[in-house]
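Visitor: Heads up: the protein sequence lines correspond to chains A and B, in order.
If you use the numbering used here, the first sequence corresponds to residues 1 to 292, in order.
If you use the numbering used here, the second sequence corresponds to residues 293 to 429, in order.
Heads up, some of the hints might be wrong.
What the hints assert, rightly or not - Straight line, CA to CA, 30 angstroms or less: simulated DSSO-like cross-link-like pairs of lysine-lysine: (1) Lys74/A x Lys423/B; (2) Lys51/A x Lys403/B; (3) Lys403/B x Lys134/A.
What the hints assert, rightly or not - Label-pair ranges, simulated between beta-carbon atoms: (4) Asp390/B x Gln61/A: 28 to 36 angstroms; (5) Arg355/B x Arg193/A: 43 to 51 angstroms; (6) Ala326/B x Gln210/A: 28 to 36 angstroms; (7) Arg337/B x Glu126/A: 27 to 35 angstroms; (8) Thr229/A x Arg337/B: 30 to 38 angstroms.
These are computed hints drawn from the structure, not numbers from a lab.
Where is the CB? At the ideal position from N, CA and C, for every residue including glycine.
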Amino acid sequence: MSEEAKIEGYATQNVLVTTDWLAANLTEVTIVESNEDILLYDTGHIPGAVKLDWHTELNDQVRRDYLDGENFAKLMRQKGISRDDTIILYGDKSNWWAAYAFWVFKLFGHEDVRLLDGGRMKWVAEERPLTKDKPSRPEGNYPAVEREDGSIRAFRDDIGKHSPSPLIDIRSPQEYTGERLHMPDYPNEGAARGGHIPGARNIPWGRLVQEDGSFKPKGELESILLGETGFAHTDSFVTYCRIGERSSLTWFALKYLLGISDVRNYDGSWTEWGNLVGVPIAQGEEPGVFAQ
Amino acid sequence: MNYQEVAEEFTSLSDSDRLQLLLEYADDLPEPPARFGENPELMERVEECQAPVFIAVEGDSDRVELFFSAPREAPTTRGFASVLNTVCNLRSAQEILDLTDDFPSMLGLDKLISPLRVRGMRGMLFRIKRKTRELAA
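Make the full structure from the sequences, and use the hints.
Guide: Shown next as structure tokens:
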């Protein structure tokens, strides 16, 4: 299957672009790089790309929350991004942080945001041009828009109400069972308990992507996310991980590539649930049942 | 340079220059000798770091030699490794063990790159000290 045919097969168009497409449209769009490694952009990036850091820029530095509308607009203007720009996001680690930034742009209702399929890794592997030159962009035109958390973001109190609808835990199997509190080889970001939210099914994020970092075709995604679980297109979904970044990738796949209308990402994720007093937790390989 | 001089080198700079300096450190991290590539079990993985980074500590209590391996696509981790290499490599075991555990926070990076990321550097220092202690025992 060609890359174009694969992308045409997804439920939503104009949300995922190929490296070929981006190379041909470099100057027509606003390219934004969002990485786990804060210095990676500075070692070389796609020509014209703007750097956006999830940790130090998209998050409020006092509350555990995202920026409010006014500060998001201010950040966008500083970066030379306007409300009607077509934004192409890409990043390291198979686009974890790019997908997370995509989700945050959608919290603010930015209309035209797309992911670069395969992210930074695929662009680099194809030996496409990188530059260290930082773009100089005029200030953007971005109004303050109120963040709309209701439709794509889940909070801890929503989880009990959501159950027994599909809950997808995209962490590693060892994190899911409770054998370990954090990703293999990653720091423990502080959870007091190990395990998963009762009822959650474990579908590690990596199962959705191919070796080059790009998404699997629609049919394969469907058999993993729906076929194996018995969940339906018409169900409401909540995804979570450890801090909400890897689950943004699965949120994106469910909502846009499969076209499921009600999908929310629980960004509090395990670093919140694993520390909450009195909430139910399941350990081991079985999903368990959420006791109301 | 000793650790105070390195900390001073970082904190005397503006925010953006400070990140640039970390990037320069990343570029300067020496590649480990080929024998480690052939025998990766000689190096230990630092689990506290987000990117795969491996360290090896050799020598004796008079002179400790450090080796690091971290991928190019993880410049922040390489930068941390390179800073620790500057202040610890070819020192006596006692000098390494005397280095304050707070050194990673003395570089003025917590706010710029987040405490979570700086924690990876603490993990690296912790493991260097543990292996140094084993060598000196």
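Visitor: With reference to the structure, classify each hint as holding or not holding.
Guide: Each hint, compared with the structure:
1. Lys74/A x Lys423/B: Distance ~48 angstroms between Lys74/A and Lys423/B Cα, so the pair is violated.
2. Lys51/A x Lys403/B: 17 angstroms, holds
3. Lys403/B x Lys134/A: Within the cut-off at roughly 22 angstroms; holds.
4. Asp390/B x Gln61/A: 28 to 36 angstroms: 34 angstroms, holds
5. Arg355/B x Arg193/A: 43 to 51 angstroms: 45 angstroms, holds
6. Ala326/B x Gln210/A: 28 to 36 angstroms: Cβ of Ala326/B to Cβ of Gln210/A: about 32 angstroms, so the range 28 to 36 angstroms holds.
7. Arg337/B x Glu126/A: 27 to 35 angstroms: 29 angstroms, holds
8. Thr229/A x Arg337/B: 30 to 38 angstroms: 33 angstroms, holds
Against the hints set out earlier in the document, a violation occurs for number 1 only.
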